[in-house]
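Student: We have chain A already, so just place chain B on it with the hints.
Chains as they are written, first to last, in the numbering used here: chain A, -1 to 89; chain B, 914 to 1325.
Calculated directly from the structure, the hints in this document are not laboratory data. Any given hint might turn out to be false.
Below, computed lysine to aspartate or glutamate pairings styled on EDC-like, alpha-carbon distance capped at 20 angstroms [claimed, not checked]:
id: 1; chain 1: A; residue 1: K4; chain 2: A; residue 2: E31
id: 2; chain 1: A; residue 1: K4; chain 2: B; residue 2: E1103
id: 3; chain 1: B; residue 1: K1269; chain 2: B; residue 2: D1279
id: 4; chain 1: B; residue 1: K1269; chain 2: B; residue 2: E1239
id: 5; chain 1: B; residue 1: K920; chain 2: B; residue 2: E1166
id: 6; chain 1: B; residue 1: K920; chain 2: B; residue 2: E1162
id: 7; chain 1: B; residue 1: K1269; chain 2: B; residue 2: D1280
id: 8; chain 1: B; residue 1: K922; chain 2: A; residue 2: D42
id: 9; chain 1: A; residue 1: K4; chain 2: A; residue 2: D75
id: 10; chain 1: B; residue 1: K1269; chain 2: B; residue 2: E1001
id: 11; chain 1: A; residue 1: K4; chain 2: B; residue 2: D1096
id: 12; chain 1: B; residue 1: K922; chain 2: B; residue 2: E944
id: 13; chain 1: B; residue 1: K922; chain 2: B; residue 2: E1163
id: 14; chain 1: A; residue 1: K4; chain 2: B; residue 2: D937
id: 15; chain 1: A; residue 1: K4; chain 2: A; residue 2: E16
id: 16; chain 1: A; residue 1: K4; chain 2: B; residue 2: E1107
id: 17; chain 1: B; residue 1: K922; chain 2: A; residue 2: E46
id: 18; chain 1: A; residue 1: K4; chain 2: A; residue 2: E20
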Amino acid sequence: MAVTVKIPAQLRTLTGNEAEAEVEGTSVAEALEAVYARYDGLRDRITENGELRRFVNVYVGGEDIRFGNGLETPVNDGDEITILPAVAGGA
Amino acid sequence: MPAVALKCKECREEFELGASYVCDRCFGPLEVSYDHSALDDPAELRRKIQSGPPSIWRYLDFLPFDRRPRTGLDAGFTPLIRSERLAERLGVGEVWVKNDAANPTHSFKDRVVNVAVAKARELGFEVVACASTGNLANAVAAHAAAAGLDSYVFVPSDLEEQKILATGVYGTNLVAVDGNYDDVNRLCTELSAEHPWAFVNVNLRPYYAEGSKTLAFEVAEQLGFELPDRVVCPVASGSLFTKIARGFEEWLELGILEGSLPSFHGAQAEGCSPVAQAFDAGHEICRPVRPDTIAKSLAIGNPADGVFALDVARRTEGSIESVTDEDIVDGIRLLASTTGIFTETAGGVTTAVLAKLAERGDIGADDRVVLYITGEGLKTLDAVRGIVSTYDVEPTLDSFNETVPVAGTERV
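One chain only, chain A, in its complex shape (with noise of 0.2 angstroms):
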């Protein structure tokens, strides 16, 4: 499955101004590995000890993975999965 990841702009000096990234998986892990796999550093930025850092949230199609089945959520060909910080917003 050919799915595009959007990098967040915290994370661009990584992928050298890369914006988005077009990588093969069935699911958001297997996607997200083939980007850690293609920019040094970013796996570091994004998870600690295997798991996504607590204020990272994942997207896919603008569904937050938590409401799906975690970083095992499955992804489809030309789905969009979008990384950004958990911290904006509130009231």
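Tutor: Chain B only, in chain A's frame:
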């Protein structure tokens, strides 16, 4: 210079004071850090505060500015009212109602926006923006208008009509997003990377959030530089809740206040209670929920400061509670009928939680409680539509006497 850096609340890494909100290293939230070593005379500080302007700017020493910024519309200095009737009704020692609906756009959001728009100007931004559940939209549109800045305000499309109208009237670019607040927030987080705009609650969030501390300072000053035993405060993202605690802590550290932090009770609507659920379950993080409640201004299903709100509630022996939509309407009515203050649904949540704590015996006859009322009832009229009725009469005495029960039989 009191504000010295932006510091990551997660890993403590420090950054320059600019328009950033996320730690480059761990994605944790950034917070303004201060050097208060020059503020070493509490008595003098109290005098200086008391001779300051009647707005949040009397607390300038504790806000992230070197000098008083130029502002168009100032917030704060709202009434703190002791309500003996509400206290008596609930069997609580003292109830003090902080009525923050008495701000320029009728909610506490004027405080945070007053700070954020001043900072946006200082940093050279020409456009301010926000993701909002309504009250913030009102405030950003108004403060941008007063400052002569362009603004973009993003709201969920199902927002109360009153909040839409009371935002659009200021002449902002009002964007109604087909989604809930969490969708709006995600969109704004993405947009903030695309445009050189000051999103008050995204890239200016560290400064914006500081404005909420003034709700601690003001209450303490109005109580004669004393602390209450407990506070009850609404929780949406958890930012207000944690910053009120931070405000009290700063003044305790500086000796402006003595004693210990009050117990913090957070108030959520059952239909959007990710923080209350995590509190009950003993979890350290909040699992996001899909909001379904009449308290739209608290309808944040993915609360950014949830973890910090949990920490404040736990270490102060407080709690995070939730109440039903029915309780919320009862809360609005209870506050209105005992204090003469008409609050919006968020204030109904807060009042209902106070009533719940009193009923459970968690707050009692020896407690001095501050109830934070953060918004205005006229903005959420639909919530009370079903509970108000009129006596319909002809303009004659007979019709009146037949229809209306008569109170007050003593002639005066």
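Student: All hints are to be evaluated individually against the structure, with a verdict given for each.
Tutor: Outcome of the hint check:
Distance restraint check for K4/A and E31/A: the Cα-Cα separation of roughly 14 angstroms lies within the 20 angstroms cut-off, and the hinted pair is therefore satisfied. Between the alpha carbons of K4/A and E1103/B the distance comes to roughly 10 angstroms, so the proposed pair stays at or under 20 angstroms and holds. At roughly 17 angstroms between alpha-carbon atoms, K1269/B and D1279/B fall within 20 angstroms of each other, so this suggested pair holds. At roughly 13 angstroms between alpha-carbon atoms, K1269/B and E1239/B fall within 20 angstroms of each other, so this suggested pair holds.
Simply put, K920/B and E1166/B have alpha-carbon atoms about 19 angstroms apart, close enough for the 20 angstroms limit, and the pair holds. Using a Cα cut-off of 20 angstroms, the hinted pair K920/B and E1162/B holds, with the two alpha carbons roughly 17 angstroms apart. For the suggested pair K1269/B and D1280/B, the alpha carbons sit about 15 angstroms apart, so the restraint of at most 20 angstroms is met. The suggested pairing of K922/B with D42/A holds, with an alpha-carbon distance near 18 angstroms, which does not exceed 20 angstroms.
Taking the CA atoms of K4/A and D75/A, the gap is about 15 angstroms. The hint holds against a cut of 20 angstroms. With a CA separation close to 15 angstroms, the supplied pair K1269/B and E1001/B stays within the 20 angstroms bound. About 16 angstroms separates the Cα atoms of K4/A and D1096/B, which keeps this hinted pair within 20 angstroms; it holds. For a cut-off of 20 angstroms, the pair hint linking K922/B to E944/B stands: about 7 angstroms separates their Cα positions.
Of the pairs offered as hints, the one joining K922/B and E1163/B holds, with about 16 angstroms between alpha carbons and a cut-off of 20 angstroms not exceeded. Proximity of K4/A to D937/B is assessed by CA-CA distance (about 17 angstroms); at most 20 angstroms being required, the pair is judged to hold. Simply put, K4/A and E16/A have alpha-carbon atoms about 9 angstroms apart, close enough for the 20 angstroms limit, and the pair holds. Distance restraint check for K4/A and E1107/B: the Cα-Cα separation of roughly 13 angstroms lies within the 20 angstroms cut-off, and the hinted pair is therefore satisfied.
Between K922/B and E46/A the CA atoms are separated by roughly 17 angstroms; this keeps the pair inside 20 angstroms, and the hint holds. A threshold of 20 angstroms between alpha carbons decides the hint, and for K4/A with E20/A the separation of about 9 angstroms falls inside it, so the pair holds.
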